[in-house]
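A.B. asks: Protein chains in written order, with the UniProt record's numbering: chain A, 1 to 325; chain B, 1 to 363.
Derived by calculation from the structure, the hints in this document are not laboratory data.
Just to be clear, a hint being listed does not mean it is correct.
Claimed, not checked - Facing chain B, from chain A, some residues (calculated, C-beta under 7 Å):
| # | residue |
| --- | --- |
| 1 | LEU34 |
| 2 | PRO57 |
| 3 | SER61 |
| 4 | GLY124 |
| 5 | GLU127 |
| 6 | GLY202 |
| 7 | THR203 |
| 8 | ARG276 |
| 9 | THR278 |
| 10 | PRO295 |
| 11 | THR297 |
| 12 | PRO300 |
| 13 | LEU304 |
| 14 | HIS307 |
| 15 | TYR308 |
| 16 | LEU312 |
Small disclaimer: the values here were computed from a predicted structure and weren't measured.
Even for Gly, the Cβ is constructed at its ideal location relative to N, Cα and C.
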Amino acid sequence: MTTLTMAKALNEGMRKAMEEDPKVLIMGEDVGKLGGVFRVTDGLQKDFGEQRVIDTPLAESGIIGTAIGLALRGYRPVCEIQFDGFVFPAADQIITQLAKMPLRSLGKLKLPVVVRIPCGGGIGAVEHHSESPETYFTHTAGLRVMTCSNPADAYTMLRQAIRCDDPVIFFEPKRRYWDKAEVDVESADWPPFDQARVVRPGTDVTLLAYGPMVKTCLEAAKAAEEDGRSLEVVDLRSLNPLDVPRIVESVRRTGRCVVVHEAPVFTGFGAEIAARVTEECFYHLESPVLRVGGPSTPYPPSRLEDHYLPDLDRVLHAVDRAFAF
Amino acid sequence: MTADGSRGTEAPPELVQLLTPEGERIEHPDYPLDLSPEEVRALYRDLVLVRRVDMEAVALQRQGELGLWASLLGQEAAQIGSGRAMADTDMAFPTYREHGVAWCRGVDPVNLLGLFRGVNHGGWDPAEHNFHLYTIVIGSQTLHAVGYAMGIQRDGAEAATLVYFGDGATSQGDVNESFIWASVFNAPVVFFCQNNQWAISEPLEKQTRIPLYRRASGFGFPGVRVDGNDVFACLAVTRKALADARSGGGPVLIEAFTYRMGAHTTSDDPTRYRVAAELEAWKLKDPIERVRAYLFKNQLADQEFFDAIDAEADELGRDVRKRCLALPDPEPMAIFEHVYAERHPLIDAERAEFAAYLEGFEG
Ligand SMILES: Cc1ncc(C[n+]2csc(CCOP(=O)(O)OP(=O)(O)O)c2C)c(N)n1
Numbered sequence: 001m002t003t004l005t006m007a008k009a010l011n012e013g014m015r016k017a018m019e020e021d022p023k024v025l026i027m028g029e030d031v032g033k034l035g036g037v038f039r040v041t042d043g044l045q046k047d048f049g050e051q052r053v054i055d056t057p058l059a060e061s062g063i064i065g066t067a068i069g070l071a072l073r074g075y076r077p078v079c080e081i082q083f084d085g086f087v088f089p090a091a092d093q094i095i096t097q098l099a100k101m102p103l104r105s106l107g108k109l110k111l112p113v114v115v116r117i118p119c120g121g122g123i124g125a126v127e128h129h130s131e132s133p134e135t136y137f138t139h140t141a142g143l144r145v146m147t148c149s150n151p152a153d154a155y156t157m158l159r160q161a162i163r164c165d166d167p168v169i170f171f172e173p174k175r176r177y178w179d180k181a182e183v184d185v186e187s188a189d190w191p192p193f194d195q196a197r198v199v200r201p202g203t204d205v206t207l208l209a210y211g212p213m214v215k216t217c218l219e220a221a222k223a224a225e226e227d228g229r230s231l232e233v234v235d236l237r238s239l240n241p242l243d244v245p246r247i248v249e250s251v252r253r254t255g256r257c258v259v260v261h262e263a264p265v266f267t268g269f270g271a272e273i274a275a276r277v278t279e280e281c282f283y284h285l286e287s288p289v290l291r292v293g294g295p296s297t298p299y300p301p302s303r304l305e306d307h308y309l310p311d312l313d314r315v316l317h318a319v320d321r322a323f324a325f
Numbered sequence: 001m002t003a004d005g006s007r008g009t010e011a012p013p014e015l016v017q018l019l020t021p022e023g024e025r026i027e028h029p030d031y032p033l034d035l036s037p038e039e040v041r042a043l044y045r046d047l048v049l050v051r052r053v054d055m056e057a058v059a060l061q062r063q064g065e066l067g068l069w070a071s072l073l074g075q076e077a078a079q080i081g082s083g084r085a086m087a088d089t090d091m092a093f094p095t096y097r098e099h100g101v102a103w104c105r106g107v108d109p110v111n112l113l114g115l116f117r118g119v120n121h122g123g124w125d126p127a128e129h130n131f132h133l134y135t136i137v138i139g140s141q142t143l144h145a146v147g148y149a150m151g152i153q154r155d156g157a158e159a160a161t162l163v164y165f166g167d168g169a170t171s172q173g174d175v176n177e178s179f180i181w182a183s184v185f186n187a188p189v190v191f192f193c194q195n196n197q198w199a200i201s202e203p204l205e206k207q208t209r210i211p212l213y214r215r216a217s218g219f220g221f222p223g224v225r226v227d228g229n230d231v232f233a234c235l236a237v238t239r240k241a242l243a244d245a246r247s248g249g250g251p252v253l254i255e256a257f258t259y260r261m262g263a264h265t266t267s268d269d270p271t272r273y274r275v276a277a278e279l280e281a282w283k284l285k286d287p288i289e290r291v292r293a294y295l296f297k298n299q300l301a302d303q304e305f306f307d308a309i310d311a312e313a314d315e316l317g318r319d320v321r322k323r324c325l326a327l328p329d330p331e332p333m334a335i336f337e338h339v340y341a342e343r344h345p346l347i348d349a350e351r352a353e354f355a356a357y358l359e360g361f362e363g
């Protein structure tokens, strides 16, 4: 066991994957000498060279499009999109090509491309640096979409994403990059990357969260305990595929469910969960599934982000509402 | 290497220069420039004042008053020269670093600071200043500029657009598409690329293997490389390009060959990727020093003049600082403002819900 930040755990995940498989490539803007603007690829170019850690031209469509070509040739590119808001120039290649080519080839082509995207707010950044675009990608069939919430998952999930023969959109909650925890980088006994996990058991309400909001929900659960309420926190980990059985099991037990994410609530990822849970747990529910997320507005200037982002109070407020029914 | 042996990073002989780093005035057959002493002094004043605003902003960021700042240090001549070349009716489309152009267009520097402080996403009226909002997504604004130019064309107006972008941006699809549109529609647009040699950590050769101005010929319009640290040359070349565009001559690409003296932004650490010697070499080409030398040599200004400008710069710095610190945080409910031009029931409902939620904390 080693204590690592999430950024370092991701770095270690890529390093190990590159050592293990010479076909693994890292590509993106500033990933080389600079080590990425968050230093997640720090030192990799020094150790693996410019042929394997590629500083690309400043063109996101180009990054994903050429990664597709490299994958067609047997490579396993791990692409970094510098910030969430800059994935859109690449959206065409991701949505029209990356997601669909395996199907079009009747399974003859595999596209093992990982697209790493630092996501979410809370770091006081300017426009386009704080968004949560996961729903655009969960809505696109053919992509796996996942997001880690802690260093250990960051390591094991990225390892599995790189080994996976499908394209994976991998969201990294940037405000958790500096969180530290124990990571076992030796063991290969990894919890499957497409399963949800109960990170705090409870009996009264299920909080469903992913990425940056898992920590917030854990804090809320701790605070609720003082009021005598027992909140179960489930880290979804994978958004597509979604681990529906685990969600259903939890909600049937607690009878209440609150979904928490940073993205706007309207047609956000929580809407899918609410619909699923309603279908599968209708007779077990004490209250409707509630959602906590951003308003239906663009991400605000940073001096307002504390109001925009769900915090412990917003989560507890939703819990109160769930009990009030 | 290209067939003719040129590389994107070398300054080729065709660099247009009207003022040497030593302050010697030289003539260029295609770009005559006749400036009165007052005009030269005014340019000098602009250069000094925008550098002062920039320095103040960097300091404010260091003190935690701004979340981020993208410094223009070293690029003053490119911005003031091109900015002062515009007619009132011309429209500028900036990136996020065009503080000098904003200055020329009369945008209050405190508005620029407000954006980086995080109190708004822009805050000035683009129509009032003919200066569009800052654009953070690399290259997007080049297409807007061409569309705007197509509008000018349709209106039969006597105007052009001037769009700014960096060397890194030239790799983006949008920028290449904007070249195609501009060319095919013969739009009155001047592309102004500030080639400051770096896109964050990536040197120019990670974006191109030919000098950027030569790209234009492949799209069917002229390209010219200008000494981006020479305010005279930037003024003359942009003036001519804009005049040509206004009179139906179509697009022009100007590559201002310059250098980013500071970090990419205040979050960046250039020591990780660039050597100090490069910076030292460019210091000798400082855009302000050469105008100062020219003014001195030709006895167009005395010490009193320089002292007065410095005093004005200090005063401006103090004023900008004071007003930046006084910028209040927006009200929480501002999140719901201006999302749509017309009433929107979902926003109304969410606004009401949020107001009720906030009220819950009072009392
Ligand atoms: C589409 C997009 N991708 C990535 C970024 C992150 N980013 C911001 S500035 C920058 C480098 C820009 O370099 P250049 O175009 O040369 O302009 P400069 O900042 O040097 O003036 C990058 C990669 C972005 N803002 N937009």
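A.B. asks: Name the hints, by number, that the structure is in violation of.
C.D. replies: Result: hints 6, 7, 8, 9, 16 break, sorted rising.
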